[in-house]
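Please model the entire structure based on the sequences and the hints provided.
First residue of the sequence shown: 38, per this note's numbering; consecutive thereafter.
Keep in mind that the hints were calculated from the coordinates and are not lab data. Watch out, some of these pointers could steer you wrong.
[What the hints assert, rightly or not] Pairwise CB distance ranges (calculated):
(1) 43 / 556: 27 to 35 Å
(2) 528 / 585: 34 to 42 Å
(3) 530 / 630: 46 to 54 Å
(4) 401 / 588: 49 to 57 Å
(5) 125 / 270: 48 to 56 Å
(6) 283 / 399: 51 to 59 Å
(7) 578 / 549: 27 to 35 Å
[To be verified] As a list, the in silico SDA-like pairs of lysine to any residue whose alpha-carbon atoms are at most 20 Å apart:
(8) 496 / 471
(9) 623 / 543
(10) 543 / 570
(11) 145 / 55
(12) 592 / 606
(13) 543 / 514
(14) 188 / 155
(15) 174 / 412
(16) 543 / 387
Because the structure is a prediction, the values reported are computed rather than measured. Idealized CB from N, CA, C, for every residue including glycine.
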Amino acid sequence: MNLSLQNIAAALSGEISGNEVLAPGPGHTPKDRSLSVKLAPGTPDGFVVHSFAGDDWQACKDHTKQRLGIEWRPEPKQANGASRVVAEYIYRNADGTPHAMAVRLDPKDFRQKRWNGSGWDWGGAKPPIPYRLPELKAAVHNTVFVCEGEKDCDNLAKHGFIATTNIAGAGKWHPTMNEHFAGKDVYILADNDEAGADHAQDVAQHLAPVAASARIVNLPGLPPKGDVSDWLANGGDHGKLIEICKAAPLCGEVLPPARLIVSSGEFVANFTPPDYLIDGLLQRRFCYSLTAPTGAGKTAIMLLCAASIADNRNIGEYAVEPGRVLYFAGENPDDVRMRWIAMADIMGFDIDTIPVHFLPGRRKISEIADRIRQEVETIGPVSAAMIDTSAAFFEGDNENDNVQAGQHAARMRALVGLPGGPCIIVACHPVKNAGNDNLLPRGGGAFVAEVDGNLTCQKTDSAVTLHWQGKFRGPDFAPITFGLSTVTNPKLVDSKGRNIPTVVAKAMSERERAVAEATTRDDDNALLIALFEADGPQSNAALATQIGWTIKGDKPNKMKVKRAADRLRGLIKQERSGLILTDKGKVEAKRVRYNRDAAGATYG
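Structure follows, in structure tokens:
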């Protein structure tokens with residue numbers, strides 16, 4: 038085949054950028070651009086590859102050859118020195134089904150295969166899983182060894198130990214594997230060379246924060262480049278192995294790398310391009326909190342996002358990457374059912390076939406994590422998981438305790454390791470007495486530290502604004518406005534056949550948003566004028582009656598007054614006997630009333 042950047046870009050569904058092609062790496066989404074391919078006429082294949090996502094370079098080269106129609110297949114060793122397969126190590130899912138294979142060749146080399154459901158294809162499998170995962174899951178004790186190679190794991194298993202590794206040996210540890218080591222006592226057996234030390238440090242950096250304990254173990258008497266298999270073969274006593282390991286120092290939560298200074302190439306090699314679920318907004322394999330008071334629209338917005346992702350519909354101006362959604366309906370499953378029935382009618386999707394799956398009821402994630410993974414493997418990879426709410430799945434006794442909040446958030450984050458690498462959105466109640474300028478989840482800094490962003494909902498009487506506070510990893514975005522509608526549906530009736538209203542969300546257009554903002558501004562102005570014209574502090578009920586804000590016909594809408602007062606902090610203050618204007622508020626109210634009188638407008 039005549040290699041050129043043009044035909045490489047076409048074969049890989051990528052694009053030319055300067056002197057290279059940027060394209061999706063093996064197992065990545067079509068929008069991904071983590072694989073770089075450059076022409077290199079002097080090399081055996083005529084090109085070189087690089088993965089910005091840290092994928093195995095050989096898997097990337099095999100993937101590129103396959104797409105270009107250049108077949109690569111290891112054959113029995115010939116007189117000309119061609120490679121032959123000397124060992125195959127199968128990586129199995131928790132249920133024992135094949136997932137990936139590490140292939141060792143002679144001369145010494147390693148390649149990867151992935152299971153396609155009926156056979157093996159060359160290339161790396163996504164997401165990577167630990168070696169001997171079924172044995173790791175079935176272990177009745179918490180002790181696990183992490184080695185640098187599959188042969189070492191198998192040799193330790195012969196002595197009754199639970200041992201695992203990551204595919205590609207000394208390659209980078211993938212964070213999606215971390216969840217399998219929660220609560221484990223981990224001993225990282227370092228090979229006696231620089232690559233072994235780097236690998237041990239990399240594994241420790243990932244596992245120390247999630248494991249019960251983590252230790253790097255340098256076995257005594259290892260020869261240069263030696264490993265635990267060599268140690269056992271040279272007379273190492275497997276009965277004393279645990280004693281040696283326990284004597285190793287505990288790793289801290291964050292360990293320094295083996296080398297503090299790295300080259301330019303090593304520095305950029307760890308870059309992972311963003312993989313957006315909602316384009317430019319929320320990323321796959323990220324965990325976000327969504328914080329708002331009760332009634333501010335969290336559930337309605339999350340259900341809208343779930344339906345839009347599953348049915349491939351834009352959310353306002355934001356495009357979505359379509360996929361399967363898992364919704365944890367923990368706090369009020371019946372309310373979620375009603376909203377979902379209404380949304381199916383309004384949006385016109387088939388409620389029986391849309392790829393959204395629900396987990397109803399309050400649960401302990403730590404107790405059902407394995408079952409969730411197994412069932413997700415059955416229904417297929419998920420792109421998003423919505424947790425409604427954080428409190429329904431909290432396993433401690435105090436949501437505001439820093440340690441418990443951090444542990445809880447870590448359990449939520451671990452769900453990014455489910456098949457498909459989903460984006461996690463956790464609906465959270467705010468800290469006590471939170472105002473619109475302090476919408477942080479219960480647990481405060483400890484919880485926020487574990488998530489990638491804290492989204493917020495601020496509700497007025499005409500709209501809900503979605504933005505963020507405290508933390509957001511990624512580019513900033515303009516606030517998104519949603520409208521909440523109270524609707525009925527023929528299927529939603531009580532035991533006497535009466536309609537039951539429920540609330541659904543819809544992303545607003547620019548025009549709808551402008552109208553909603555004008556309505557909110559008019560409400561704020563009406564409250565300022567009412568207080569300016571009042572004689573002293575006023576109760577919420579008195580103000581609602583004066584302005585004409587009522588609910589159910591004639592009852593004063595005190596909550597509408599409270600929401601407006603919250604928006605006008607600094608202009609209005611709460612005294613013991615009611616609301617009153619500040620000095621600054623009096624000036625503003627006088628200006629608003631003058632403009633109203635001049636324009637002949639009315640508020641209320």
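In rising order, the numbers of the hints this structure does not comply with: 1, 4, 5, 6, 9, 10, 11, 12, 14
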